[in-house]
Amino acid sequence: MLKFSRRMIVAGLGSLMAFGAADAADWPQRPVTVVVSQAAGSSPDVLARIITDKLSRTLGQQFIVENRPGAGNVVGTQSVARANADGYTFLFGTSAALVTNPFTVKSLSYDPAKDFIAVSKVARSHLLLLVNPKIKANNLTELLALEKEAPGTLSIAVDGPRNISGLIAQSINKQSGSKFVLVPYNNINNAVQDSITGRTPVTIQSASVVEAFIKDGSLRPIAVAGNQRVPSLPDVQSISENFKDIDLQGWFMVMAPAGTPEAIIDSMSKAIAKALAEPDVLARAPTLGFEIESGEIVTPAGAKAFLDAQLVSTGKVIHSLGMEPN
173 MLKFSRRMIV AGLGSLMAFG AADAADWPQR PVTVVVSQAA GSSPDVLARI
223 ITDKLSRTLG QQFIVENRPG AGNVVGTQSV ARANADGYTF LFGTSAALVT
273 NPFTVKSLSY DPAKDFIAVS KVARSHLLLL VNPKIKANNL TELLALEKEA
323 PGTLSIAVDG PRNISGLIAQ SINKQSGSKF VLVPYNNINN AVQDSITGRT
373 PVTIQSASVV EAFIKDGSLR PIAVAGNQRV PSLPDVQSIS ENFKDIDLQG
423 WFMVMAPAGT PEAIIDSMSK AIAKALAEPD VLARAPTLGF EIESGEIVTP
473 AGAKAFLDAQ LVSTGKVIHS LGMEPN
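Under this note's numbering, the letters of the sequence shown match residues 173 to 498, in that order.
Treat the hints with care, since some could be wrong.
[Said to hold, decoys possible] Quick list of in silico lysine-lysine cross-link-like pairs, DSS-like style, CA-CA up to 25 angstroms:
1) 351 <-> 308
2) 320 <-> 346
3) 351 <-> 320
4) 286 <-> 416
5) 308 <-> 320
6) 488 <-> 416
7) 226 <-> 306
8) 488 <-> 286
9) 308 <-> 387
10) 226 <-> 476
11) 351 <-> 446
12) 351 <-> 488
13) 488 <-> 278
14) 387 <-> 226
15) 286 <-> 351
16) 442 <-> 416
17) 488 <-> 476
18) 446 <-> 278
19) 320 <-> 416
20) 442 <-> 226
21) 306 <-> 351
22) 286 <-> 442
23) 308 <-> 346
24) 446 <-> 416
25) 320 <-> 306
26) 346 <-> 476
27) 346 <-> 446
28) 278 <-> 346
[Unchecked claim] Using C-beta positions, here's what the derived DEER-type ranges look like:
29) 496 <-> 387: 38 to 48 angstroms
30) 242 <-> 415: 25 to 35 angstroms
31) 496 <-> 445: 18 to 28 angstroms
32) 455 <-> 325: 35 to 45 angstroms
33) 232 <-> 467: 45 to 55 angstroms
34) 431 <-> 387: 17 to 27 angstroms
35) 468 <-> 242: 50 to 60 angstroms
36) 213 <-> 450: 15 to 25 angstroms
Just so you know, these hints were derived from the structure itself, not from any lab.
The beta-carbon is built from N, C-alpha and C at its ideal position, and this holds for glycine as well.
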């Protein structure tokens, strides 16, 4: 039987720690993968590519966006949860993956709080409540008044009853007593087109998806999801101004597998903060419907605090709807 002295064990552990520290200090030494759990061309994919381009230049290694869509963000998110915690795989996480799925997906294969380390919250993706121009409503109050004149006759195009747009629509029904009919669409483009033609005269979509249709008058925004107005649409009220308990919003956060060295997390967070402060990023983001973050929330501690708070608030909204995971 082999025998090890206490001194030998301590020395061995010290060597391993020194090796880990040196490895983290030299990071990155090869290309880094950033997984996006949605398809190429989606809102998170567009923003991820803008940021990873900056990271490649700042950190001197290629940052590669890998699209792994499927199962409502589960496929890509799960792949990062199971990846090596060596600083060469990150998740460009969505609010759906990190705070909606834990309450709507039964036997979820990952735990946002345990399987990941928050690196940085990078941006909001504003969701808008929009109407066909023929609908005589300029704000949510007026839309609710129209609906109550003929309950159950107005339909809302959403991306699914358990996705964020569907949850927002259901929350509006519950809080206001309205009876909007939810019409789920697998294809966002079809949903937008049906709202433009008037087939489903109301819809909830990402600002980046409908910007062109707002400009040409095909759709009219009447409310912003969450608790903040969109800088580019200052006269459009947030839903929370009407209903304080409805604070569901889209956002993006970079996450690392649990166990990733702290030094790497810190380096990645600082490089992201630098990228987000670049003038061209700040100028381009609003045109895509994003609001870039800054300050404490971009740090690992700030991002974690935000994630923890969102898990609580989102859980409350979903439980209030009586929704069980399936």
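Check each numbered hint from earlier against the structure, then list the numbers of those it violates in ascending order.
4, 7, 11, 14, 15, 16, 18, 24, 26, 27, 31, 33, 34 and 35
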